[in-house]
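We have chain Z; now place chain P onto it with these hints.
So the sequences go chain by chain: Z and P. Mapping of the first sequence onto our numbering: position 190 corresponds to residue 192, and the numbering continues sequentially without gaps. Mapping of the second sequence onto our numbering: position 33 corresponds to residue 79, and the numbering continues sequentially without gaps.
Hints are computed from structural coordinates only; laboratory data are not their basis. Virtual Cβ for every residue (Gly too), placed ideally from N, Cα, C. Treat the hints loosely; a few may be bogus.
[Stated by the list, open to error] In silico lysine to any residue, SDA-like type, Cα no more than 20 Å apart, as pairs:
id : chain 1 : residue 1 : chain 2 : residue 2
1  : Z       : Lys135    : P       : Gly63
2  : Z       : Lys135    : P       : Phe60
3  : Z       : Lys135    : Z       : Leu51
4  : Z       : Lys89     : P       : Asp59
5  : Z       : Lys89     : P       : Val61
[To be verified] Chain P regions said to be covered by chain Z (calculated; three or more residues, Cβ under 8 Å):
id : stretch
6  : 63 to 75
7  : 80 to 91
8  : 94 to 107
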Amino acid sequence: MTGTALLVATAFLASAVEMVEALTIVLAVGLTRGWRTALIGMAAAGAALAIVILALGPSLVRWVPLRGLQIVVGTLLLIFGLQWLRKAILRASDLKAIHDEAAIFAREIEQLAADAAYGTGSMDWNGFVVSFKGVFLEGLEVAFIVLTFGANAGRFGPSIAGAVAAVVLVAGVGLLVHRPLSRVPENTIKFTVGVALTTFGTFWGGEGVGVDWSLGDVTLLLLAGFYAAAAFGLVAWLKATSASRSMATPEGSAA
Amino acid sequence: MKWISTFGRFWYDFVVGDSVVLAIGGCAVIVIGALLVWAGANAFTQLALPVIVVATLAASLRWPR
Numbered sequence: 003m004t005g006t007a008l009l010v011a012t013a014f015l016a017s018a019v020e021m022v023e024a025l026t027i028v029l030a031v032g033l034t035r036g037w038r039t040a041l042i043g044m045a046a047a048g049a050a051l052a053i054v055i056l057a058l059g060p061s062l063v064r065w066v067p068l069r070g071l072q073i074v075v076g077t078l079l080l081i082f083g084l085q086w087l088r089k090a091i092l093r094a095s096d097l098k099a100i101h102d103e104a105a106i107f108a109r110e111i112e113q114l115a116a117d118a119a120y121g122t123g124s125m126d127w128n129g130f131v132v133s134f135k136g137v138f139l140e141g142l143e144v145a146f147i148v149l150t151f152g153a154n155a156g157r158f159g160p161s162i163a164g165a166v167a168a169v170v171l172v173a174g175v176g177l178l179v180h181r182p183l184s185r186v187p188e189n190t191i192k193f194t195v196g197v198a199l200t201t202f203g204t205f206w207g208g209e210g211v212g213v214d215w216s217l218g219d220v221t222l223l224l225l226a227g228f229y230a231a232a233a234f235g236l237v238a239w240l241k242a243t244s245a246s247r248s249m250a251t252p253e254g255s256a257a
Numbered sequence: 047m048k049w050i051s052t053f054g055r056f057w058y059d060f061v062v063g064d065s066v067v068l069a070i071g072g073c074a075v076i077v078i079g080a081l082l083v084w085a086g087a088n089a090f091t092q093l094a095l096p097v098i099v100v101a102t103l104a105a106s107l108r109w110p111r
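Isolated chain Z (complex conformation) (with noise of 0.2 Å):
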């Protein structure tokens, strides 16, 4: 139960970042290119992603042994979730700047105005190929979470149910808006998916080598709770370590 309901609430948030990015796309395309260019990429984009999903998803349950997907799934859920929580963390520490989907939104509307349509007919290609560059690729992580966690599970439904919630309440907010989604707590959402990645690479790429967590599957909470405080721990390090060191380096006496 408690895997259960970690494995939908991972691949709901992972995928709510990933669309909300793959949103702010579409939008500007759809605003700058028209709207039938940036539907028809987004389209194209996601039936790529299901023949992805649909392709190596049941191949992976069926052929692969089950410890050696662990092996491979957990090392690289444990590289994901790293890489989320060391962008997080240096980002709560000041240290990178925050993803400013607006900021993103204005860029590309300046670069896709500059552009000259081409194409034929009503087809903008240029446009097309934008919307489905942004979706294929941020969809691509998040095909790449609901096919790890459903072969590991053994069962695809609950990283699926928590991959459509997402992509439903991103793309019903971005109808009804037609902005970016720029109040999205994206830090936020990022460190929480971090810490949950991280937990599951560590529990089962630990079962793919031979670890028998003793507790089961309270492991995960135990490990979350652990990896959580640990990160919180780097961001005041980190903190602290910057505004020392901006202390020692007076003003104007830039190296």
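Showing chain P alone in chain Z's frame:
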């Protein structure tokens, strides 16, 4: 040829991303876990793995690439 390099770069960015330290550290965590289990230290491995994971994360913050 260009297609191969683009394909390779895509996968490098997808897996390694911003930090080589995390890519190497993530693999090292699993290898160390396997060695500890092989040595019969299951209980110790359960405590050691999360600590090594956090140490890897801290190292990646210290060395940006």
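Verification of the supplied hints:
Simply put, Z:Lys135 and P:Gly63 have alpha-carbon atoms about 18 Å apart, close enough for the 20 Å limit, and the pair holds. Taking the CA atoms of Z:Lys135 and P:Phe60, the gap is about 14 Å. The hint holds against a cut of 20 Å. Proximity of Z:Lys135 to Z:Leu51 is assessed by CA-CA distance (about 11 Å); at most 20 Å being required, the pair is judged to hold. Restraint check: the Cα-Cα separation between Z:Lys89 and P:Asp59 comes to about 15 Å, which is no more than 20 Å; the hinted pair holds.
Distance check on the hinted pair: Z:Lys89 and P:Val61 sit about 15 Å apart at the alpha-carbon level, within 20 Å; holds. With 9 residues having a Cβ less than 8 Å from any Cβ of chain Z, the stretch 63 to 75 of chain P passes the three-residue criterion, so the hint holds. Interface restraint, the stretch 80 to 91 of chain P with chain Z: holds (6 residues with C-beta to C-beta distance below 8 Å; minimum three). Remark: the stretch 94 to 107 of chain P is confirmed as covered by chain Z, as 9 of its residues place a Cβ nearer than 8 Å to a Cβ of that chain, reaching the required three.
Checked against the numbered hints listed earlier, the structure breaks none of them; every hint is satisfied.
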